[in-house]
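Novice: With the hints as constraints, model all of the structure from the sequences given.
Listed here are the chains, written in short residue letters.
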Amino acid sequence: MDPKPRILTVLDIVTIVLFIIAAGLVFLYAPMEAVMGQVQRVFYFHVANAWVGMLGFLVAAIAGVAYLRTSDRKWDIVGLAAVEISFVFFFIAIISGSIWARGSWGTWWTWDPRLTTAAIVELVYAAYFMLRQGVEDSDRRARYGAIYASLSFISVPITFISIRILRTIHPVLFGGDSTGTGTFDMSSKMLVTFMFALLTFSFIFADLLWHRIRLGKLAEKTENLRLKLLQ
Amino acid sequence: MFISLLQQAPAETTRYMIAGYTVIFSIMLLYIISIFIRRRSLKRDLQILDDMEMKDESQSKSH
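Here the protein sequences line up with chains A and B, keeping their order.
Using our numbering, the first residue of the first sequence is number 1, and each one after it goes up by one.
Using our numbering, the first residue of the second sequence is number 1001, and each one after it goes up by one.
Because the hints were derived from the structure by calculation, they are not lab data.
Since the model is a prediction, treat every value here as computed from it, not as a measurement.
One or more of the hints may lead you astray.
Stated by the list, open to error - One-sided excerpt, in silico: chain B residues whose CB lies under 8 Å from chain A: (1) E1012; (2) T1014; (3) M1017; (4) A1019; (5) G1020; (6) V1023; (7) I1024; (8) L1049; (9) E1053.
Claimed, not checked - List of simulated lysine-lysine pairs, DSBU-like, C-alpha gap at most 35 Å: (10) B:K1043 <-> A:K217; (11) A:K189 <-> B:K1043; (12) A:K189 <-> B:K1061; (13) B:K1043 <-> A:K74; (14) B:K1061 <-> A:K228; (15) A:K189 <-> B:K1055; (16) B:K1055 <-> A:K4; (17) B:K1043 <-> A:K228.
Claimed, not checked - Partner residues are not named here, just some residues of chain A that face chain B (Cβ under 8 Å, in silico): (18) M36; (19) Q38; (20) R41; (21) V47; (22) G103; (23) W105; (24) R140; (25) L209; (26) R212; (27) A219; (28) L225; (29) L227.
Glycine residues also receive a C-beta, built at the ideal position from the N, C-alpha and C atoms.
Specialist: As structure tokens, then:
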């Protein structure tokens, strides 16, 4: 069994420290928003979770293309790891967004373009796991997974631009006219907290991805040995 | 004075903030725990399979 690399331990520690600082900024440093009140603080980790979701789906698409070009099994492990992490974090973004919506819009859910497309993205990637479960042959599973992860990434930019091209009540942070309900102007303290949360969650993604890849390699090793003994 | 009377206090939404962060922290923690549990269980499986492989090899040598 491969020992845990020293640099991964360092990354674990740095990530934990960043996470504690980010939480401190959210609850102690960032000011309370004047209209929405405390619920606006959900915004910092809500967006950061969505960021990890989109980042991971991008990594999975790149890994899918790399697998199709090289047929190297390591890219299948990377792709599966990235989709799994992003699926979880995107799910958190949807749930935390719903809670924020209840506090600021007065409703848990509305079929707004952003919410609808985000739900579709989550369902598209849920189907990725179903597809993999349904294919027994490992080479075919890896190939189908790679094709699916590459194609399904199309749904991610659609979600990102949906609030910029369609009528929506979801706030547009960058590149919009900020007309959504629940929109707010970020003060400099809010902006610092927001950017720090994005940085922290990028570290969390890198750290978890590394751990999940190691898990995937261990699973493959176990499976290969099991097959060898069965023969 | 008139301005301060016209200003509205922020909405009381603390419970939604608590709910939001409870969900965020809980799911993240559960996912991290799931990675550790899966790793531990795979290590155990691999150990058992290694032992079986060694037994197989020693048996085939003795025959």
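Novice: A closest beta-carbon separation below 8 Å is what the hint needs, so does R140 (chain A) meet it against chain B?
Specialist: With Cβ-Cβ at 23 Å, over 8 Å, it is violated.
Novice: Regarding the hint that G1020 (chain B) lies at the interface with chain A, is the smallest CB-CB distance below 8 Å?
Specialist: G1020 (chain B) check passes; min Cβ-Cβ to chain A is 4 Å, inside 8 Å.
Novice: The hint names E1012 (chain B) as touching chain A; please verify it with the least Cβ-Cβ distance against 8 Å.
Specialist: This hint holds: E1012 (chain B) lies near chain A, its Cβ roughly 6 Å from the closest one there, short of 8 Å.
Novice: A closest beta-carbon separation below 8 Å is what the hint needs, so does I1024 (chain B) meet it against chain A?
Specialist: holds (5 Å)
Novice: When the nearest CB of chain B is found for M36 (chain A), is that gap smaller than 8 Å?
Specialist: holds (6 Å)
Novice: Mind checking the CB of A1019 (chain B) against every CB in chain A and telling me if the closest is under 8 Å?
Specialist: This hint holds: A1019 (chain B) lies near chain A, its Cβ roughly 5 Å from the closest one there, short of 8 Å.
Novice: Would the hint on W105 (chain A) stand, with a C-beta cut-off of 8 Å toward chain B?
Specialist: violated (11 Å)
Novice: Checking hints one by one. Is E1053 (chain B) an interface residue toward chain A, by the C-beta closer than 8 Å rule?
Specialist: This interface hint holds because 6 Å falls under the 8 Å limit.
Novice: Does R212 (chain A) meet its interface restraint, that is, does its C-beta lie within less than 8 Å of any C-beta in chain B?
Specialist: holds (6 Å)
Novice: For a C-alpha distance cap of 35 Å, please report whether K189 (chain A) and K1061 (chain B) respect it.
Specialist: violated (71 Å)
Novice: Classify the hint on A219 (chain A) as holds or violated, based on whether any CB of chain B lies nearer than 8 Å to its CB.
Specialist: holds (6 Å)
Novice: Does V47 (chain A) pass the interface check with chain B, least Cβ-Cβ distance below 8 Å?
Specialist: violated (12 Å)
Of the numbered hints listed earlier, those contradicted by the structure are 11, 12, 15, 21, 23, 24, 25, 29.
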